[in-house]
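S.K.: Need the complex rebuilt from these two chains, each delivered in its own frame; the hints are there to steer you.
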Amino acid sequence: MENSLTIKNVSKFYGSFQALDKINLAVPEGQFVTLLGPSGCGKTTLLRIIAGFLSCEEGEVYFGDRLMNDVPPEKRDTAMCFQSYALFPNKSVYENIRFGLRMHKVPKEQHKKLVEEAMEMVNLTGLGSRRPYELSGGQQQRVSLARCIVVRPRLLLFDEPLSNLDAKLREKVRVEIRQVQRQLGITAIYVTHDQAEALAISDRIVTMSAGRIVQNADPRTIYERPNSKYVADFIGTANIIPCSVESREGDRFVLKCAYGTLRAIDRDCTLQPGAQASLLIRPEDLFLAAPGSENAITGTTRTVVYMGNVLDMFVDVNGTSLRAGITKENVVTENAPVTFAVKPDRIRILEA
Amino acid sequence: MKGRKKRFQWGYLLLAPALGFILFLEGSALFMMIAQSLGFLNYTGEDAFTFAHWQQLFSRNFFDNLMYSLKIALLASLICLAVVYPLCLSIQKMPGKKTWLSLWKIPLFIPALIACSLMGNIIAYNGALNTVLLALKVIDKPLSLRNDAWGVGALLTQVWKNIPFMLLILYSAIEAVRKDVLDAGRNLGAGRVRLFFEVTLPVTMPSALVATIMTFIKVFNDYTISKVMGPIYPSTLSNLMHKAAYTLNDWHSAACIGCLMVVTSIIFVKLYTWLSDQITRRLS
Numbered sequence: 001m002e003n004s005l006t007i008k009n010v011s012k013f014y015g016s017f018q019a020l021d022k023i024n025l026a027v028p029e030g031q032f033v034t035l036l037g038p039s040g041c042g043k044t045t046l047l048r049i050i051a052g053f054l055s056c057e058e059g060e061v062y063f064g065d066r067l068m069n070d071v072p073p074e075k076r077d078t079a080m081c082f083q084s085y086a087l088f089p090n091k092s093v094y095e096n097i098r099f100g101l102r103m104h105k106v107p108k109e110q111h112k113k114l115v116e117e118a119m120e121m122v123n124l125t126g127l128g129s130r131r132p133y134e135l136s137g138g139q140q141q142r143v144s145l146a147r148c149i150v151v152r153p154r155l156l157l158f159d160e161p162l163s164n165l166d167a168k169l170r171e172k173v174r175v176e177i178r179q180v181q182r183q184l185g186i187t188a189i190y191v192t193h194d195q196a197e198a199l200a201i202s203d204r205i206v207t208m209s210a211g212r213i214v215q216n217a218d219p220r221t222i223y224e225r226p227n228s229k230y231v232a233d234f235i236g237t238a239n240i241i242p243c244s245v246e247s248r249e250g251d252r253f254v255l256k257c258a259y260g261t262l263r264a265i266d267r268d269c270t271l272q273p274g275a276q277a278s279l280l281i282r283p284e285d286l287f288l289a290a291p292g293s294e295n296a297i298t299g300t301t302r303t304v305v306y307m308g309n310v311l312d313m314f315v316d317v318n319g320t321s322l323r324a325g326i327t328k329e330n331v332v333t334e335n336a337p338v339t340f341a342v343k344p345d346r347i348r349i350l351e352a
Numbered sequence: 001m002k003g004r005k006k007r008f009q010w011g012y013l014l015l016a017p018a019l020g021f022i023l024f025l026e027g028s029a030l031f032m033m034i035a036q037s038l039g040f041l042n043y044t045g046e047d048a049f050t051f052a053h054w055q056q057l058f059s060r061n062f063f064d065n066l067m068y069s070l071k072i073a074l075l076a077s078l079i080c081l082a083v084v085y086p087l088c089l090s091i092q093k094m095p096g097k098k099t100w101l102s103l104w105k106i107p108l109f110i111p112a113l114i115a116c117s118l119m120g121n122i123i124a125y126n127g128a129l130n131t132v133l134l135a136l137k138v139i140d141k142p143l144s145l146r147n148d149a150w151g152v153g154a155l156l157t158q159v160w161k162n163i164p165f166m167l168l169i170l171y172s173a174i175e176a177v178r179k180d181v182l183d184a185g186r187n188l189g190a191g192r193v194r195l196f197f198e199v200t201l202p203v204t205m206p207s208a209l210v211a212t213i214m215t216f217i218k219v220f221n222d223y224t225i226s227k228v229m230g231p232i233y234p235s236t237l238s239n240l241m242h243k244a245a246y247t248l249n250d251w252h253s254a255a256c257i258g259c260l261m262v263v264t265s266i267i268f269v270k271l272y273t274w275l276s277d278q279i280t281r282r283l284s
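Those sequence lines, one after another, are chains A and B. If you're matching positions, the first sequence starts at 1 in this note's numbering and goes up one per residue. If you're matching positions, the second sequence starts at 1 in this note's numbering and goes up one per residue.
Chain B on its own, in the form it takes in the complex (with noise of 0.2 angstroms):
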């Protein structure tokens, strides 16, 4: 007996779009990316199969850059979470709590270099910190935080912008913790504190993992924030791929810090992820 023809299904058709834009739109930067690094698809003219890009690449200048990205992006997603939760637990019980919700959130829509210059009139030499502080006597001379060696400056700019981002996952994460759940802890025995390690904490870990990745990602990936605020060496590795493609014409190096940018991303969004799932099952 013959077999009979699968027929199409058209229903198919409903995934073009979201299927398209992940194909055509990313897939094909990432092969440009990928290509590019290995000497091909050169602007200049220039089109051969090399390693040399990559051999270049590995020189103390890039692992200074990536061990700064990589530390302002992890601090300041962990101050970011270490900041929201008790924020959006007091919010939660503060009368007026969407009037404040609203508040928090402008940051979101101020441009990161308004930001930078908001933040640098606070942490500047004679800015209202240095100011405060002198007045209270905590210390002596003004600090240098504003593209100071250690990156001060951008890690604070950061946590600000970066806040809002997070307290719109995680608030509504929290809000969706049931209060009977809650209130059933407290019957059995648990303060406010314990009932947040053993239940808010662990319930709210998925979308707290969701918001800690995409705010490290972010700040990863950033480039006008570190460019203002942060030292003039080392930078993030944004910086240092737009010096390679833009001030000395080597967009394969760029295309080389692209791809690493990408790989070192995937690395933590599986160890942020592994480590998440040890503390749930440790808390639970």
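Isolated chain A, as found in the complex (with noise of 0.2 angstroms):
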């Protein structure tokens, strides 16, 4: 497969300050990827950089084979949903939404059924003559992601959309982009720092810290087998200890930490008996078990908080504080004694 986007060697100063360090990326087309990261790490600036608002000191980035550091952002062909949603105030929703074709030449006549099957993709049928500040957020926001798709552009870019709607609109809407970015196919950039977010709406998540890209790999990937204790810790909820590497077989380890001798099978890692490291447990790997069970873990809960779904739990083992979150038909109060376990295969060794 082609790739739509190809980013080579990028980095970027803001004075002597360094945003972007030797960015290299390929996104193949038709691919939702998210530039997942917390404010600062640079994410937005390399959006900006694809887009053609900025451009980079160093590197190249490539639209398939076309170099386009020198290109202006109106022939890019790339469309952007702004955090801010970015309506035209003076435009009516319809022409809002007409606006890229206008500008991208396409005979008149066509405007109408083109707008109007956008409109009905976001679900915004009816609501055609209104100005923008007759919307909801939400609706603002299906408004600017409509305005992008009509004009069909090579590349989608999202500059945290959902940052501006309640928790509940957010998901529903980011259902929403998925869905009309699958069914047209093109290719998405999107720049988020909620991992939730990411997680539920990615095909290739590109974790970024201070400029630089961390981990690139698909959502199971980054949350189950995360390269670093930085990725571990910035998505999801994670224990991350450190522990010894005490002995070694094959992928199967035998680790010591402050939660007692566990044992663990990880493939990807490479310590030698003796070494120091780092070790992480997903709270919802936990499960209730019986004392003296393989990879038991005893402790004493300091706080039960029911979480609708999950209770999640606050557990002290030797002085080391636990997170465990288990099913809401358990029963455990605080300040009791409670033993979990954890299966070898979901600890993951990271370096210290």
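The calculated EDC-like cross-link candidates involving lysine to aspartate or glutamate, where the alpha carbons are at most 20 angstroms apart (straight line), are: (1) K75/A with D183/B; (2) K343/A with E224/A; (3) K91/A with D180/B; (4) K98/B with E175/B; (5) K179/B with E74/A; (6) K343/A with E284/A; (7) K229/A with E284/A; (8) K71/B with D148/B; (9) K91/A with D277/B; (10) K75/A with D180/B; (11) K179/B with E160/A; (12) K93/B with E74/A; (13) K91/A with D183/B.
To be clear, the hints were calculated from the coordinates, so they are not data collected in a lab.
M.R.: Encoded structure:
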């Protein structure tokens, strides 16, 4: 499959501050790729370089085989959904969506059909005559999406488009975004700092930190097999504690840590016995077990929070905190002894 | 059941300063002007209702002055508008834009008489402009621009004096156009010029309208610049009014001219508003 977007050694400086450091990225056609990272990690800068709003001091940006570094934004065939929607305040919903068609010189007689199709895709039918200020946040973001997809761009760009919406609406609109992108098969680059959003929406997640790509993988790999403490900690909740490798037999390890001695199976780990490492256990991988079971961890519950779908617990294990999330059918009280266990293949060993 | 007496709302007193200003200072002047135009409140003692002053007013002299005032006001406000938009857009992208803005505001603080002297030096028979044009062989003899019959001197001075005023209003309006909205436009295929007509112009139209109307009224009612830089005849209505009141001691005619200046200003404000609505609608 041809790459829609290829980024080679892209660096960007703001004065003496380096916002991007030799970024390399290839995005195959039709994929939904999320740039994920905390504020200031360079994800929006990278997106703006792709859109052509910013230039890069080093490196190249290719759309297909075409070098785009000197191509202005209006000639790049991209369309961006902004966090603030960025609708034209002087135009109606219909005219906002039609704008791109006019700029791309699509024959006038096709405008009505294309705009109505786009409006239907994002559930905006009947709102064409409204002005942006007459719409809710969710509706405005849908207009923004329709305005982008109506021109069938080569690249669909999203700059934290759901940040201004409430939690429930965010979930709804992100599903719609994904559906529309799949339906049209447009390559999408999506910027967010919300890891749940990234996991839910992406084909691939590019995790960034301090202007660099830390891990580029599919959501399952990113969540279950993070390549560093940084990614493990940033994506979801995690118990990460120091450990030492006691022994190794192929991909089977015996680890010693504050939780006790645990057995782990990790095919990616290259560490040898005697090495210092970090151990990752996701809270939902822990389950209640009888004392003495394999990989048993015994401690005292400190806080038990009923979250609706799970019980979220903080447990004190030999002075170290352990977070566990177990199904709500279990009955666990605070300040009571409790034993959990974890399957060896659910433990991930990371470099210290 | 007896209706409850409505209590006086003391909060209304907060309106007093604004209402007092309008009713007392502006209302009383307006009342005096209308009354004097109808023959009342004469400073010299005669005090009787009459339309005679209005009948005398509509002479060739008056219409020449009216047309001249309209021409200078209309041209000055439109030229300022045409200059200020590109000026704002270029200042926005300049390094050290605050310094540039401060420099452009200087004419605001220069009195009209000084501005006339400055422009006079530039456009005088042997002034800078003629010297440069002669040196470049654009013209073969110096242009007579000061106190010329067409009013070029007055027009140039008005433009110079009013650009900063318009800049002040329009620059903040243009700055307020959200950058992401412009980015969205470029992203969807609009070049900078197209984006200006599609987004910046319609969005800033209300401010442009205010700036244009205020400049129009300022120039239309101008006395000093027309007196010093404009033609001997015709002149602005303010000059005609001054002549009627102080040279001819005819305060009733001066009041009639004042009334017509107010009416003309109102008509033009309405006209500008209608025009800008049409433009905004077309651009939306």
